[in-house]
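Assemble chain B onto chain A, guided by the hints.
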Amino acid sequence: MPAPRTLFSKIWDRHVVATAEGDATLIYIDRCLIHEGSRHAFQMLKERGLAVARPQQIVACSDHYVPTLNRASGVGGIADEKIRGMVELLEANTAEHGINLFGMHDQRQGILHIVGPEQGITQPGMVIVGGDSHTSTHGAFGNLSFGIGASEVLHTLATQTLWQRKPRTMSIRIDGPLGFGVAAKDVILAIIGRIGIGGAAGHVIEYAGSTIRAMSMEQRMTVCNMSIEAGARAGMVAPDDTTFAYMAGRPFAPKGSDWDAALTDWQNLPSDPDAHFDRSIDIDARGIAPMVTWGTNPEHALPITGSVPELGAASAEKRSEFESTLAYMGIAPGTRLTEIAIDRVFIGSCTNARIEDLRAAADVARLGRACVPASVVPGSTPVKRQAEAEGLDRIFTAAGFEWRDAGCSLCTALNGDALKPGERCASTSNRNFRGRQGPNGRTHLMSPAMAAAAALTGRLTDVRTLVRGG
Amino acid sequence: MEPFGVLDVIAVPIDEVNVDTNQLCPTRFNKVPRGPGYERILFHDRRFDAQGKEIAEFVLNREPYRKACIIVAERNFGCGSSRESAVYALHAFGFRSVIAPSFGDIFASNCLKNGLLPVRLPAEAVAAMRRQLHAQVGAHVRVDLVQQTVTGPDGAAHSFEIDPLQKRCLLEGLDDIALTQRYGTELAAFEARHRAAMPWLFR
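Line order of the protein sequences matches chains A and B.
Per the numbering used here: the first sequence = residues 5 to 474.
Per the numbering used here: the second sequence = residues 61 to 263.
In isolation and in its complexed conformation, chain A is listed as follows (with noise of 0.2 Å):
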């Protein structure tokens, strides 16, 4: 009998191409995401005279620098020179490398870690990398996704492949039933909370058990999204039926026979029932609560129910770590979370922009109505048209929610949409770093339920205070 084997460890020995001194090892790379980020690694291809080795593995997304308002007068009509720079600059490397694009006024456009899933692009078994650290989201699939830098994207598109250590493993089992109220996310925000941002450094993390089980598609790449929030290189989760019947049909996804051969590969991929894993982590699901962020890092993370912590109760250590991350944020020690009044929410990003999160979002605004400016920003076209079609745009837009085109928006501050400094939001996005959404800004992290029901209110809530107590 082979010894068993995860289904991290089943993917990395099907891609070893060569091995060299000490652990490196030359690893295959089936698919590699890139945005207009990736100029740095053209540049450097161009200074070096390399060609692309397989340009038809490399999939590239207009996505963070994309205006979401006024598309009509197209990438021309970009006002900011710099910003339409690089939407252009995109556009013309991979035009120029023959790399499939799903530009601006693509129908499927859309955040690189949306429009993969969605089009089929990412598979069961294979080796994805991006240039960007949210590439774990595709784990989802049962798959080692990890993001990279700009020389490594270099390194794949000039060879296809990549050197790396083989990283250890963790597995993470969440059993039992979410609680009424309680999202994907707020599954993240908890694991995070408890092992900290690097607690999972060095590892690939496996979700597993039956919270993760029940979860659909959308709601597992919400957790695989944010593994490198707890310092991850990768997060995944077996592929099951879930898994294969968000697949079928999907355009880029396997047809025919070879959807049959792919399946019965896929089935295979599973980690073993007695795989060893470096660490093991138990978490009951029961124990979960709607999560906030009151900090600068997704660590900072607390059921909505708690207060900001009292520094006196902090060790010294992080008694330093929390004065100046209070001071950036503006908040008292002790205050309760539901006492902290918010300026903006945004609902979007690659953590929380698909149907799902929309409808959360949707079933919540209908409630009510914003007052303070909110926007959402659907992840892709498709999502677009998709929550367009089921009528969750006019619900948000009766709330006073803005309805936008899709993109990365107001996540990473990148095209135009920023917060001014000091301004408090309650954001679905992944990361509450100082000057994530704009120099000096604040951010809560949140689901999308839960910042909608921000929205009504202007201050973080409970969810569930609204909802039950209609």
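It is worth saying that the hints were derived from the structure and are not from the lab.
Take every hint as true, because none was put in to throw you off.
Stretch-level coverage of chain A by chain B, calculated; a stretch enters the list once three of its residues show a Cβ under 8 Å from a Cβ in chain B:
| id | segment |
| --- | --- |
| 1 | 131 to 143 |
| 2 | 264 to 276 |
Simulated crosslink set (SDA-like; lysine to any residue; CA at most 25 Å straight-line):
| id | chain 1 | residue 1 | chain 2 | residue 2 |
| --- | --- | --- | --- | --- |
| 3 | A | Lys-424 | B | Glu-114 |
| 4 | A | Lys-86 | A | Asp-110 |
| 5 | A | Lys-170 | B | Asn-174 |
Even for Gly, the Cβ is constructed at its ideal location relative to N, Cα and C.
Below, chain B without anything else, positioned relative to chain A:
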């Protein structure tokens, strides 16, 4: 890439935990091409106020740290976004090594690709080194990649681990694309096997 020699240089202590790449290079600078003035990007929103004036308290705005070439940092340095611009900004400022108990994985990979050595040492050793640097402002730290040692201001030497291939690439200033291209035969054989096993990946 320039070959990595022995460093014996001014080191700056940065005590903050979880310094993310958004601090090293605020996102809006990702669209700036590399070139003169790039060093201003490093820690931009911590170093400069809204008018672009230096914030005197920030450690890199103080002498002698403007000439520092090593950062002695806290845990999880360089976490977050994969932006390599964070490393370009460190490099442009003059940094050639960061010593910390732990790093963001992607950041550490990006450093190695740009001739900047991330050194992992036990948290107590790094904390002691930062205390010494606070006490003796401008003290040197020595990093010897061949010997794989870091020597702090107190003269104590600490050994560190590094992957042999990464060490060779740094010492020789080796371009790893050129190295990979020597594996053309292996790659062709691999692709033939991979295509036969999973033909749907290549349609």
